[in-house]
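Letter by letter, the sequence shown follows residues -17 to -1, 1 to 169 of mature numbering (1 follows the signal peptide of the UniProt record, and there is no 0).
A portion of the hints provided could be inaccurate.
[As the list claims (entries may be wrong)] Label pairs and their computed distance ranges (CB to CB):
id, residue 1, residue 2, range
1, ASP142, SER60, 24 to 32 Å
2, ALA149, ASP43, 15 to 23 Å
3, VAL4, THR158, 36 to 44 Å
4, GLU94, GLY147, 35 to 43 Å
5, GLY151, ASP105, 27 to 35 Å
6, ASP105, ASP2, 14 to 22 Å
7, ALA128, SER148, 47 to 55 Å
8, ASN63, SER88, 34 to 42 Å
9, ASP39, ASP6, 16 to 24 Å
10, GLU75, ASP126, 37 to 45 Å
11, ALA86, HIS139, 14 to 22 Å
12, GLY147, ASP126, 18 to 26 Å
13, GLY151, VAL4, 41 to 49 Å
14, ALA95, ALA149, 37 to 45 Å
Derived from the structure by calculation, the hints contain no laboratory data. Using N, Cα and C, we set each Cβ at its ideal position, and we do this for glycine too.
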Amino acid sequence: MFKTALIALLAAPAAWASDWVVDTDASTMTFETEAFGGPVSGEITDFEADIRLDPDAPGDGRIEARAGVASVDAGSSEFNDPLQSRAGFNPEAHPDARFVSTAISEVMDCEAEPPARCFSADGELTIRGETRPATLDFRLAIDGARATADGQLVVHRDDFGIGGSAWGDAAVDVTVNIHIEATEAP
């Protein structure tokens, strides 16, 4: 029995093995929202993702992404200081935001130009220790062993306890824009 279990364990694929290796130099994660009556945008520079996705079998896919919240930069201390405070992301207590897909499906009615295709990844988003359902919609184009994906995920900051009473003029919704370039894993 032990020998059978050991053989099964060794033959099983790695739990978080990636079919795609993210090219972090070519990939970006940005965000946009509104505060004090005007647009606010910025970038998140510390992020990574494990991606297993065959566009012809998206239901077998999985996306697990991590973003270091201390790397969120809105371009000025006026916005960065509240974001990095205890009322904001509180990076000392909760250093990462995480998205883990639970289902990926192709979206047939989309605006992608061929050969790109559209997908939707339903999953769970965890920020500040709170986990909520979230959806990452993305367009994917594959050229040989190189993939490019552009997507959006809307974060309702109130769902995660982000923002204090002084954040009254800040919009509740934040759109996270993701541009990922990846190569097929060997």
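Each hint tested on the structure:
1. ASP142 - SER60: 24 to 32 Å: Because 26 Å falls inside the window, the suggested range holds.
2. ALA149 - ASP43: 15 to 23 Å: The hint (15 to 23 Å, Cβ to Cβ) is violated, given that ALA149 and ASP43 are roughly 46 Å apart.
3. VAL4 - THR158: 36 to 44 Å: 26 Å, violated
4. GLU94 - GLY147: 35 to 43 Å: For GLU94 and GLY147 the Cβ distance comes to about 38 Å; the hint holds.
5. GLY151 - ASP105: 27 to 35 Å: 31 Å, holds
6. ASP105 - ASP2: 14 to 22 Å: 19 Å, holds
7. ALA128 - SER148: 47 to 55 Å: The hint (47 to 55 Å, Cβ to Cβ) holds, given that ALA128 and SER148 are roughly 51 Å apart.
8. ASN63 - SER88: 34 to 42 Å: 37 Å, holds
9. ASP39 - ASP6: 16 to 24 Å: For ASP39 and ASP6 the Cβ distance comes to about 23 Å; the hint holds.
10. GLU75 - ASP126: 37 to 45 Å: 42 Å, holds
11. ALA86 - HIS139: 14 to 22 Å: 20 Å, holds
12. GLY147 - ASP126: 18 to 26 Å: 46 Å, violated
13. GLY151 - VAL4: 41 to 49 Å: Check passed, 43 Å falls within 41 to 49 Å.
14. ALA95 - ALA149: 37 to 45 Å: 41 Å, holds
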